[in-house]
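Chains as they are written, first to last, in my numbering: chain F, 1 to 152; chain X, 1 to 152; chain Z, 1 to 152; chain G, 1 to 152.
It should be emphasised that the hints constitute simulated quantities derived from the structure, not laboratory data.
Be aware that one or more of the hints could be misleading.
Repeated chains share a single entry, so a pair holds when one copy, or any two copies, can fit it.
[Unchecked claim] Pairs of lysine to any residue residues, derived as SDA-like cross-links and limited to a Cα-Cα distance of at most 20 Å, are as follows:
#	residue 1	residue 2
1	Lys74	Tyr19
2	Lys74	Ser47
3	Lys74	Leu91
4	Lys74	Thr58
5	Lys74	Arg131
6	Lys74	Ser94
7	Lys136	Val81
8	Lys74	Ala56
9	Lys74	Glu126
10	Lys74	Glu20
4 protein chains.
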Amino acid sequence: MKESNCTQPSFSIDLRVYYEDTDSGGVVYYANYLKFFERCRTEWVRSLGCSQSALAETHDLVFVVRRASADYYKPARLDDVLRVDLQIIELGRSRIRLAQRVVRVDGVNSELPSGGESVLVGGDVEIVCVRASTFKPVAIPAFFHATFQETV
Amino acid sequence: MKESNCTQPSFSIDLRVYYEDTDSGGVVYYANYLKFFERCRTEWVRSLGCSQSALAETHDLVFVVRRASADYYKPARLDDVLRVDLQIIELGRSRIRLAQRVVRVDGVNSELPSGGESVLVGGDVEIVCVRASTFKPVAIPAFFHATFQETV
Amino acid sequence: MKESNCTQPSFSIDLRVYYEDTDSGGVVYYANYLKFFERCRTEWVRSLGCSQSALAETHDLVFVVRRASADYYKPARLDDVLRVDLQIIELGRSRIRLAQRVVRVDGVNSELPSGGESVLVGGDVEIVCVRASTFKPVAIPAFFHATFQETV
Amino acid sequence: MKESNCTQPSFSIDLRVYYEDTDSGGVVYYANYLKFFERCRTEWVRSLGCSQSALAETHDLVFVVRRASADYYKPARLDDVLRVDLQIIELGRSRIRLAQRVVRVDGVNSELPSGGESVLVGGDVEIVCVRASTFKPVAIPAFFHATFQETV
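Chain F on its own, in the form it takes in the complex (with noise of 0.2 Å):
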């Protein structure tokens, strides 16, 4: 992940969007991306070696969402496979924000041009390292900061 650079994100993940996403204008609710952008999140995590279940009970840590920001460019629809990004855009002693994005990457969506990707969703999003009992900003763990810094 080393070579990473601004124009390619540090981590992705697919997933396909279902009834539950969508609403009865026939999209992806609005509120949904940021689930979509938390599911790209907790799976980075665990893709570092340490699920949020464990850095909760064994360090008592928690990565919380002090700011998110979403700029909507075109709807998703149902059925379609998305392509959720990441890649750190600043790096804090417990704070680092992200650049997240949601790309249409297959789609019954005429819109489409076969075999290219559209971008949906752009966001931006800070997350704080929090001590989970009070919420209080706390140091990122330093395995977890050095790899971060690797990625930047």
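Add chains X, Z and G to chain F, keeping to what the hints say.
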């Protein structure tokens, strides 16, 4: 409430259908009626003088769902006003079985005769009083049990 | 509403936090505040005499979210009563930018001084009026626009 | 799949429990298992060569849930890996009755013996093939019916 009987629900709440509740089929997503059922149960317990969080913190008690079923007769749609009610049908030492319903009381749906009401979903829900820390069944607190008995 | 100004929200609703809104961190899940924001916007449009479904069916119009951001200051918890409000901060031909807030007005949370209120989440939401069938921006209907102008 | 029988599910998917799925009781929220059941049914239909959106758009057909019940035996928790399966138990002209289960295959939960699996939730779901535009029951398309018959 003492006069309530099988044909008259003990407790009800009204709620509005928002985009978040619907899916791309244009109707309320089937799992979300279980959320509506629980909002009703929660307000019912509160109406008896106790919040779920007070129960958990002060008494280490929680009501968990052991079994739930729903019959879907007609769909609810965006902007509908729904009435959700409940009726105790069995009361044990630690178990309560409830009949629950979702009734449309106002809606844009043309099927609904002016002034009429329509049962959309019928539910049958069994809840059990458990120790919050262990999830083991315990007796429903005496005060609640006495109050519940009056409404069976 | 003509007298409203920047420090006074144009519209607000109150809502209760249920189990469905929380997560295993013991607080309201971060994406769900966007649901709360939308419930407020929907009731606001309704308070002006028009439901979202009527807008869609009669006028082929829908308000979609183009951009949303949320600053999370303090967590809301189970059983809290929250006030969600909105204030127009920019009004364009087809765009509206709103400041939204989630304020705790009653809760079991000991941090909340008796009688006091606490801003938990601040939001900034841009919505656009689009043709329901094409998702292309169109002018906000004249009646709405005039009413909105009074509340800016 | 022809060899499948009552003790062997016809189809299954694996999924991870995220924060969005849990509630402040520290476990998966009871309504969300119905979402898991549906993800499984959707992938099953897709595995037979047809997406739900293609069914709706090309054939004006939709599978709707007529009845669903769930027995909750043990709770799932954050980070658990769950297997969701289904088995046809009745096949009619337009109706299908399915047994569904949620099984924990990996988790942080200490109850789970190493290498063992634990049935958390059992479901019984009746779906009906309806005209998407009218919600009236219609015969399941011949191709699907024949395929389903093999797996009963």
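Here is what the structure says about each hint:
1. Lys74 / Tyr19: Both ways: Lys74 and Tyr19 sit 18 Å apart in one copy and 18 Å across, limit 20 Å.
2. Lys74 / Ser47: Result: close neither inside a copy nor across copies, 29 Å intra and 28 Å inter.
3. Lys74 / Leu91: neither (29 Å within a copy, 22 Å between copies)
4. Lys74 / Thr58: neither (41 Å within a copy, 23 Å between copies)
5. Lys74 / Arg131: between (37 Å within a copy, 14 Å between copies)
6. Lys74 / Ser94: Answer is between; shortest inter-copy Cα gap is 17 Å, intra-copy 33 Å.
7. Lys136 / Val81: So Lys136 and Val81 fail the 20 Å test inside a copy (37 Å) and across (24 Å) alike.
8. Lys74 / Ala56: Between copies only: 19 Å across chains, 36 Å inside a chain, cut-off 20 Å.
9. Lys74 / Glu126: Classified as between; 15 Å across copies, 23 Å inside a copy.
10. Lys74 / Glu20: Both, since 19 Å and 18 Å are each at most 20 Å.
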